[in-house]
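Please work from the sequences and hints to get the whole structure.
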Amino acid sequence: MSYGLNVYRSTGALGFSSADVTWNQVDSFQVNGGSSASNTYSVLSGKTVLTVQMFIDPPSTSAKSIAHTISQSGNTISVSGGNQNTHILVLMK
Amino acid sequence: MSYGFEATNNSGDVLISSETRNLHFLGKYSSPSVTNSATAYGGFKELSYTITSTVIPVPFFDMPTTDYYGIVGVKNTTGNTWVVKVIRSGTSSTYPSLYVFVDARGVSSTEGYGMQVLQNDGSASFDSRKEPLVITGGTAVTHPSNPLTSSITGLNSVECGSGSSHSQHTPDNESSAYSVGTLSSTPIFHYSSLAQAERRASFSGSEESCLGISAYGGCIGYGETDSWVSTYWAFYRGGIRKSGSSIYAGWVAVLGGCYWSDYSDNDFFGIDVGGGSGGGGTFPYTNETLNLASTAVIVGDGTRYA
Numbered sequence: 036m037s038y039g040l041n042v043y044r045s046t047g048a049l050g051f052s053s054a055d056v057t058w059n060q061v062d063s064f065q066v067n068g069g070s071s072a073s074n075t076y077s078v079l080s081g082k083t084v085l086t087v088q089m090f091i092d093p094p095s096t097s098a099k100s101i102a103h104t105i106s107q108s109g110n111t112i113s114v115s116g117g118n119q120n121t122h123i124l125v126l127m128k
Numbered sequence: 164m165s166y167g168f169e170a171t172n173n174s175g176d177v178l179i180s181s182e183t184r185n186l187h188f189l190g191k192y193s194s195p196s197v198t199n200s201a202t203a204y205g206g207f208k209e210l211s212y213t214i215t216s217t218v219i220p221v222p223f224f225d226m227p228t229t230d231y232y233g234i235v236g237v238k239n240t241t242g243n244t245w246v247v248k249v250i251r252s253g254t255s256s257t258y259p260s261l262y263v264f265v266d267a268r269g270v271s272s273t274e275g276y277g278m279q280v281l282q283n284d285g286s287a288s289f290d291s292r293k294e295p296l297v298i299t300g301g302t303a304v305t306h307p308s309n310p311l312t313s314s315i316t317g318l319n320s321v322e323c324g325s326g327s328s329h330s331q332h333t334p335d336n337e338s339s340a341y342s343v344g345t346l347s348s349t350p351i352f353h354y355s356s357l358a359q360a361e362r363r364a365s366f367s368g369s370e371e372s373c374l375g376i377s378a379y380g381g382c383i384g385y386g387e388t389d390s391w392v393s394t395y396w397a398f399y400r401g402g403i404r405k406s407g408s409s410i411y412a413g414w415v416a417v418l419g420g421c422y423w424s425d426y427s428d429n430d431f432f433g434i435d436v437g438g439g440s441g442g443g444g445t446f447p448y449t450n451e452t453l454n455l456a457s458t459a460v461i462v463g464d465g466t467r468y469a
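Chains as they are written, first to last, in our numbering: chain Z, 36 to 128; chain Y, 164 to 469.
Hints listed in this document are in silico derivations from the structure and should not be mistaken for laboratory results.
Virtual Cβ for every residue (Gly too), placed ideally from N, Cα, C.
One or more of the hints may lead you astray.
Unchecked claim - List time: in silico DSBU-like cross-link candidates among lysine-lysine, alpha-carbon distance up to 35 angstroms:
| # | chain 1 | residue 1 | chain 2 | residue 2 |
| --- | --- | --- | --- | --- |
| 1 | Z | K82 | Y | K238 |
| 2 | Z | K82 | Z | K128 |
| 3 | Y | K238 | Z | K128 |
| 4 | Z | K99 | Y | K191 |
| 5 | Y | K191 | Z | K128 |
| 6 | Y | K238 | Y | K191 |
| 7 | Z | K82 | Y | K191 |
| 8 | Y | K238 | Z | K99 |
What the hints assert, rightly or not - Which residues of chain Y face chain Z? A partial, calculated answer using Cβ under 8 angstroms:
| # | residue |
| --- | --- |
| 9 | S180 |
| 10 | L186 |
| 11 | E209 |
| 12 | I219 |
| 13 | V221 |
| 14 | G277 |
| 15 | L357 |
| 16 | Y448 |
| 17 | T449 |
| 18 | N454 |
| 19 | S457 |
Said to hold, decoys possible - Estimated spans, in silico, between C-beta atoms of each pair:
| # | chain 1 | residue 1 | chain 2 | residue 2 | range |
| --- | --- | --- | --- | --- | --- |
| 20 | Y | T241 | Z | G68 | 17 to 27 angstroms |
| 21 | Y | G381 | Z | G68 | 50 to 60 angstroms |
| 22 | Y | S328 | Z | S115 | 40 to 50 angstroms |
| 23 | Z | S97 | Y | M278 | 47 to 57 angstroms |
| 24 | Y | T254 | Z | Q107 | 33 to 43 angstroms |
| 25 | Y | D284 | Z | G69 | 42 to 52 angstroms |
| 26 | Y | G344 | Z | L40 | 51 to 61 angstroms |
| 27 | Z | I101 | Y | E371 | 38 to 48 angstroms |
| 28 | Z | N41 | Y | S314 | 53 to 63 angstroms |
| 29 | Z | Q65 | Y | A456 | 15 to 25 angstroms |
| 30 | Z | T111 | Y | T241 | 30 to 40 angstroms |
| 31 | Y | E371 | Z | S70 | 49 to 59 angstroms |
Structure representation (structure tokens):
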């Protein structure tokens, strides 16, 4: 590379480079079925945001397993509407 | 930000920030236990990976076959023990490896030098010694609402006589191709299986029998009318498969069943003399598709995390 930053490991292998791309974790939290959450993160301002939802338990085969709806308004992430316990990850780059 | 450390690439993407936490490689897990399986309708297996982590794990999986895969559960079972459940379609015993990433607080390293970025509480947000996650691509997928491209026909209406050996419920519908960028020789994927679908089809029939004398289209004496219905169903969860440099969103059949009922009505010289009814099997809970909102797929390079 002609410019940027390379960080090497003790083995000499490249550990990380400014030519890389990643998603940074802003927060992780749990939202239970029937509950909702709304969190504001100033660090999201002007950034690309990605939210990820992971069920804690596999979906039931004998009842509806409704995922939460996740929305973003400005720097606020809102989660609601599901009947399953879930992990929510807020990522940004 | 007014203070701290932030590194961006020439696209303006944040690589490292003292206000967030990079994900770092915790470990590769290749020996899951099979905790659920079925052979009907293409088959499936649910694979459980046990992980020790002090913080929430973010799992990625590789796709060693052309089957569909997805993460269906991430559970903190006790203390620092987590169980990640992955489903795959098909019945083969080739299982994906799970690549688990956590924030820097959850990974230890004995290497003596590198670069650390700390948050204002003194905990690490980035540590070059701990193999930070590098993303190679990604997309958001949406599953087709129906796992089946054609209607279900021709099954036996009598007491679920077709069983589950037929292929009428085998999922054959998938999305168009999603490009996820250039893939390494071992791409790894984070994808949570949220989409679900259930499809059913009922088949009915009836038969009249005369134990007396059949005459003029009727029955003189003792007659019996039998009617029956069988409802065949299957339950599906979303999965993704890889082909070339694209992925497709399709379905994994995880459970199938059938419910039947029958009813008989008897008459003697036209006078109703009673009857009977029966039933068996398991009835499905609903006939619809849930959670079709687009779902993120994050792609990394597994060769960096051997």
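Hints violated by the structure (listed by number, smallest first)
Hints 19, 25 and 26 are the ones this structure does not satisfy, whereas the remaining hints hold.
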